[in-house]
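Visitor: Based on the provided sequences and hints, a complete structural model is requested.
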Amino acid sequence: MKKCELIRDRIADLFDGSLSPDQRGKLIAHIENCSDCSFYYREMSDLAGMIRSANRPVARKGFSESLVRKIRDSSRQEPSDPLQAMKEFPWKKVMRLAASLLLLSAVALAFILLTYRSPAIAAEKLINRSLLAMLDMKSVQMTFMIRTRELENIDFIDPNGNFIECRLWEAFGNPPKWRMEKAGRMVLMDGKNQYMATAGSGYVLKGGPECGFVNWMKIFLDPAKLLESEKEFARIHGADCRISDQDGRIILTIKAKALGNFSNTFAQNSSVVESDNTRTYTFSKATMFPESMEVTIEKGKERILVIRLEQIACNLPIPDSLLTFIPVKGIPVIPLVALDSINRNGIKDISSVEATRMFFDAISNHDEKLLGRLLPVEALSGGHALQAILKAYAGIRMVKMGKAFRSGLYPGDYVPYVLKLPSGDTAGGNLALRRDNSSHVWNVDGGY
Amino acid sequence: MSGDIQQFPQSACEFESFVTAGLEGFLRHAFSLLGNIEDAEDVVHDVILKIFRTRSELTGIARPLNYIHRMISNSCMDLIRRKGTRETFIRLSLKDPVHGFEEPVESSIIRKEEAIRVNTMLENLPMDQALVIRLRLMEDMSFTDIAEITSSPVTTVKSRFTYGMNKLRSGFHIKKEAYEEM
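Taken in order, these protein sequences are the chains called G and A.
For the first sequence, position 444 (counting from the first letter as 1) is numbered 444 according to my numbering, and the numbering increases by one without interruption.
For the second sequence, position 161 (counting from the first letter as 1) is numbered 161 according to my numbering, and the numbering increases by one without interruption.
No lab work stands behind these hints: they were computed from the structure.
Ideal placement from N, C-alpha and C gives every residue a C-beta, glycine not left out.
Hints may be right or wrong, so weigh each one.
As the list claims (entries may be wrong) - Keeping only pairs whose Cα atoms sit at most 27 Å apart, straight-line, the calculated BS3-like set for lysine-lysine is:
#1 G:K255 <-> G:K301
#2 A:K167 <-> G:K3
#3 A:K83 <-> G:K138
#4 G:K369 <-> G:K391
#5 A:K83 <-> G:K285
#6 G:K70 <-> A:K83
#7 A:K50 <-> G:K125
#8 G:K177 <-> A:K83
#9 A:K50 <-> G:K177
#10 A:K50 <-> G:K285
#11 A:K50 <-> G:K70
#12 G:K138 <-> G:K61
#13 G:K177 <-> G:K61
#14 G:K125 <-> G:K285
#15 A:K50 <-> G:K61
#16 G:K218 <-> A:K50
#17 G:K125 <-> G:K257
To be verified - For each label pair, taking beta carbons as the anchor points, the in silico distance ranges come out as:
#18 G:Q23 <-> A:P126: 26 to 32 Å
#19 G:R60 <-> A:A21: 16 to 22 Å
#20 A:A21 <-> G:N162: 54 to 60 Å
Guide: Here's what the structure looks like:
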């Protein structure tokens, strides 16, 4: 190879500034004394100058702000960082005072923390990997089997009920569009409003985008958020996390203790969070994508499977018609606010015990109007709940009531009662009432 | 380029400043591979959030900026593979600046024409050569950093730069005689 060719091969280094002054000097000396190399270098320099000043793409307006907002949102969802707080503490001063003692304490503390939290940390890492795999998710479709009752709310779980299929479709976006369905009930969010239709009802109920038609089941609308919440749960509540490897799948098992303040254990074992439970997630080892999930409630030695995610598919096309609200002729759409403005006079400022008495009186007297006032608006859609209650309790008479109590995480009261049945037998139970509604009146919410 | 910050900032506030400072560069990098500002924004957005969410696991990364650029390169290549095609970004015109581009730096028509020619010719280069040239000359990255980002040896990066520049040079048909007359 000629000297000039060798020199030209090294001219790239002149654009990098990585040469030593000596090397650079030798190169420049040759270029200055060689017309061919000089010409070559000037052409390259001109070209580089043109490229440097060529048009550059710029972000669209709002891109940077949107990204910063996402970072802040993401940050808000993170649990507070104890390490950051430690960093901000004036450790140096403390160290000067008690260096050796602190060192010993720190080592001991680190050992305890690592030993205690390592399963949670492993679970967190696993979940993080799965979250990364889910970043490109544009839509999701799921099929669940849930122990519940037909016609009940979509989020209702009955550990003694049969498995009923519940399906979910969601197109992510801002706002998202989704649909949940089970036998006899459908909730649709079309991006603007939520609509709830119940089989046999005479109308469709319409609520705002954040309305609680699917209640806690909303967590399934965002698989990433579900996993994030598991991460937080493992971290905060110190759940027992185990990770195993089976046939190309990674299985994460989270054993959690019942949450809630059980001054009375009535509500214990009545829902997932108020029961000792096990949540089992299966991830594909190849893609780290979640493949299935099961929730088991544990009552003593009894283990009851209540939720089983049977299928999850991502980024499959979802027909627009499935996520669009199409009014049906003859079936009116009633805004939730209109139903909520039902005359609540006469049931405001009363105790839950008084509301219980009114409830059973309304049944005994077949007073549909009063009964309607005591039921949550969602339950009134179609009136089937009202009729079902009147039918189930037909002929009963209230014998006595106990003192109202609270239990577990339930946001309302339970009122014990004893009824005389038409057969002459007596039966007792606890009526659940809550008043966390916009009218702040007691609504009968169920009970056992 | 990667000398200032030696570790991923852990607090949201510091991370935000760190990312904002390099954002235009990340975007240009993604754009040079994808040729489309919308896709480039999507890739940069996803990469940054992905890194933010896992930053506590990235404390061992010595050169965060290079790491981000490497992730951008990989994500862009994944996207190109998924889409099976790459859009061309020769959409500049003298009359109608295209959305997503800043106005040409130089105001004279000649410089505008040159800018268009440069972008057109870069677009016609093999992608790996054009990327090295853009990162070196537009982002002022060293060959060592580019090698790290593209997971290639430094010698390969230099070769790509030289080959690419030589092709651009021939394309420009700049005659030796023109210089000799000066």
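Visitor: Hint by hint, say whether it matches the structure.
Guide: Checked hints:
no.: 1; hint: G:K255 <-> G:K301; result: holds (14 Å)
no.: 2; hint: A:K167 <-> G:K3; result: holds (21 Å)
no.: 3; hint: A:K83 <-> G:K138; result: holds (15 Å)
no.: 4; hint: G:K369 <-> G:K391; result: holds (15 Å)
no.: 5; hint: A:K83 <-> G:K285; result: holds (25 Å)
no.: 6; hint: G:K70 <-> A:K83; result: holds (26 Å)
no.: 7; hint: A:K50 <-> G:K125; result: holds (13 Å)
no.: 8; hint: G:K177 <-> A:K83; result: holds (25 Å)
no.: 9; hint: A:K50 <-> G:K177; result: holds (24 Å)
no.: 10; hint: A:K50 <-> G:K285; result: holds (19 Å)
no.: 11; hint: A:K50 <-> G:K70; result: holds (11 Å)
no.: 12; hint: G:K138 <-> G:K61; result: holds (23 Å)
no.: 13; hint: G:K177 <-> G:K61; result: holds (26 Å)
no.: 14; hint: G:K125 <-> G:K285; result: holds (14 Å)
no.: 15; hint: A:K50 <-> G:K61; result: holds (22 Å)
no.: 16; hint: G:K218 <-> A:K50; result: holds (24 Å)
no.: 17; hint: G:K125 <-> G:K257; result: holds (22 Å)
no.: 18; hint: G:Q23 <-> A:P126: 26 to 32 Å; result: holds (29 Å)
no.: 19; hint: G:R60 <-> A:A21: 16 to 22 Å; result: holds (19 Å)
no.: 20; hint: A:A21 <-> G:N162: 54 to 60 Å; result: holds (58 Å)
Comparing the model with each numbered hint stated earlier shows that all of them hold.
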